[in-house]
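**Student:** Chain by chain, the residues run as shown.
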Amino acid sequence: MPDAHSPAASPPTLIATIPFAPGATLHHYRLANGLNVYLLPEHTVPVVSVQTWVNVGSRHEVKGKTGLAHFFEHLMFGATDTLAEGEFTERLEAIGAEINAATYFDWTHYYVNARASALADVLDLEVDRLAHLALTQAAVDREREVVANERRMHAEDSLMGEAMEHLYALAYTRHAYGHPVIGHMADIEAFNTVDCAAFYKAYYAPNNVTLVLVGDFEVDAALALIADRYGPLAPAEIPIEDVRPEPPQIAERAVVLTKPTASERLLLAYHAPAARDVDAVPLAVLLDTLIGGDASLLHQALVETEQAAEVSGWLCGLKDPDLLCFYLEALPEQAAIPLLIRFDAALATVVEQGVSADLLAQAKAKLSLGVAQALRSASDRAEAIGMMVVAGAPLLTPAEQMRAISAVTPGDLLRVARRYLTPSSRSIVQIVPSAPGADAPEETP
Amino acid sequence: MKIIVETDHSAPLVSLHVDFVGGGAVHDPAERSGLASFATDMLPRGTGELSAHALAAKLDRLGADMDVGVGRECASITVETIPANLGAVVDLLKQVIAAPAFLPDEVEKLRRQTRADLLGHQDHDKYLAARAFRRSLFAGHPYSRSAGGDDAGIAAITLDEIRAFHAATFVQARAVVAISGAISQTDGEAVAENLCSALPAGKAAPAATMDPAPQRGRHLVLVDKPDRGQVSFMLGQLGARYDDPEQPALHVGATIFGGGTFHSRLMRELRTVRGWTYGVSAGFAMGMARGEFFLACAVAERDAPGALRLQLELLEAWAEHGVDEDELRFAKGYLVGSSVFERDTAQKRAGARATEVVYGLHEGYFERYPTLLDKVSLDEVNAAIRARVDPQHLVIAAVATQGSVGAQLGAAVPGVSTVTTTPFDAG
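Which chain is which? The protein sequence lines are A and B, in order.
Just so we're on the same page, the working numbering is the position in the first sequence counted from 1, plus 85.
Just so we're on the same page, the working numbering is the position in the second sequence counted from 1, plus 920.
It should be emphasised that the hints constitute simulated quantities derived from the structure, not laboratory data.
Please note that the accuracy of each hint is not assured.
[Claimed, not checked] Listed next, the in silico DMTMM-like pairs over lysine to aspartate or glutamate satisfying Cα-Cα at most 20 Å (straight line):
no. : chain 1 : residue 1 : chain 2 : residue 2
1   : A       : K344      : B       : D1037
2   : B       : K1123     : B       : E1081
3   : A       : K344      : B       : E1221
4   : B       : K1268     : A       : E183
5   : B       : K1145     : A       : E183
6   : B       : K1029     : A       : E418
7   : A       : K148      : A       : D272
Just so you know, these numbers come straight off a predicted model, no measurement behind them.
Sequences are here, hints too, so could you generate the full structure?
**Tutor:** Next up, the structure:
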């Protein structure tokens, strides 16, 4: 339970020392109460990034309570037993700290980037809200309105936001990844303090949290501070994960949305491996050969030939089996179905013959550059470390990530293309423009 | 030509960013809105030696990320790569900047793609609100135009105009080269010299644009879009120039009113107290000429008239009564404290130094900027707000479903001078 304390804590246990980059060592400790701590000291800039990764996301939600993890993230900026409403953010902003949070399918992530001299104060505030949040009806009522407006902005009034919700709902019929991270509006409107208190008690405990610090500090001093602040917190009994694995998809699923827009679009989702799967890196490389930049296979086949206005794609890096998604935008006044036929033809060739050695080499070089680009600031590095840990992926150093990319072979690409690019197991959302002057847009299941 | 180098070996990356002063959208001829952006977008579409595809493939193979773009004042090109490949990447970049092919087929292809992109912008309510706001606020001034142009301008651009833009813009006299990352000062300077050696000397940038004329009265511009659950607002008036002596005071004042924190007046009243919006911001967008002072937020349709009234009341109170000592202390603590994150990577430090050159600011301006903010007094902030903000003269743009909420929005603006409605897809 977050509000209980155990008086005598054992010293932190060193789990691993990892040579993260030249001159930079990552230290992994675990406190007796289960708190995982990653410390990456570096002294180039006098800042520290303190990141709290909670192992709870929309994957842990059930029907009728969708969006609770995200909703709770908002409440974590509220009052505690000793801080008034708004005082948490006011204290941090008064010293120029950058603060925010994000919730995703698998995790909830809080960050505070501050001057290094503020580290003790930041940890005091973070442990306070982890253990002593004051959940009031007024706070729940207020954030309900804020989150409802966030949903209107990012989902209901956003063409792509709404289409993405349909895509995930089509592809995941049983797994909780099928409902939106922000939750359905009816669920958001129904949240109450009982829901929130139960959620806090269940998931916000040290043994469900990974703390990542990157920046200008000394390991011993930072570890002592963490042990002093977090060590007294008692662990909780984390609920058993009630995961409902997604059954194999054996037939294509599709939905058509009619919207006030100028062009037809297609969103496609193929079932893909989890981030920790041996196929994850080869599939990421394959994806880059297909849509990574102007020289990529699909850009050349569809955009340069003016069959499409745009083509893109992505993987989410999930703990459970993921989706490999593509976005195809037809040129104005052109239909999307002929574009889909050309897309399918291009992928069929990839499945049959693989991709060229040039495309593979280009993808490897680009992805390796991306590894370095994602580690620019202390906050970037802390986020990269936390993301790997909570996604259940192996914690790879930048050099190891580059080696994993470099090791991908043409045979790996053929294997993952044949395994995952199967039209019978894909889901499609088609967006078609509503007629000028039309009233309410339609959705066709 | 100006060369800036910021060395930082913490990551195996070198970034090279070149601004070409005077290559921005403000210099587009009125009937060729989008020329600077279009001509700059043509640069990576093939050189004398390489087709667009061959160039893209070579850059990919080198692990180089290249991007081009145009803002109000400059055309820019950025490339990032690993140090070992920098020489080969710069050789390609020289071709891109100095010897683009401008093939007619590629021009026509880009024209079709750009016109499709312009249509795609209509999907984004925030973009539509900003476009309507700027068209009305800066009517008759280049700031009224989107950097990407409009359909008529893109349709009319000729190959000769592209070549003329390129010849005038991509020259040594206008280049500000910022190199950052795992490279020494000496090597960085050599790289910049090598890059610019491919360019002609050229002439300096044209004079800065004149200030826009202020609008009188309150003007509501409704962008009618079906099926909206929210109203997206952008409202404001003329703001300040980058080199304005009151800029630090205005920055502090705008931070208290609506900039960057959970504790700004707008965030507190619209989000924290009422839950009416996910986020609201206000600030001064600086330019070589007077840019805009703006407020922006999105509010559920049912709350939008009340939220608009509240925004106007808060604006009036801020303009009339200014800010107090507690607010000033908090804002200065926030701005001075967070300034470290404006300079925590070599790329950011190099970018700040390039901005100093582009906008004619003193060398080291941004390094000293936190000190300037810290010195600002309460009287200076309030005097600057009083001198620059007049809530009786506003442009209020709102993307909304006209039939549902248009009349209520009009009624929410006391003393409104004009109300105009335009379809979201009017271009």
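**Student:** Each hint should be assessed against the structure and marked as holding or not.
**Tutor:** Outcome of the hint check:
no., hint, result
1, A:K344 <-> B:D1037, "17 Å, holds"
2, B:K1123 <-> B:E1081, "18 Å, holds"
3, A:K344 <-> B:E1221, "19 Å, holds"
4, B:K1268 <-> A:E183, "16 Å, holds"
5, B:K1145 <-> A:E183, "36 Å, violated"
6, B:K1029 <-> A:E418, "16 Å, holds"
7, A:K148 <-> A:D272, "9 Å, holds"
The structure fails hint 5 only (numbered hints given earlier).
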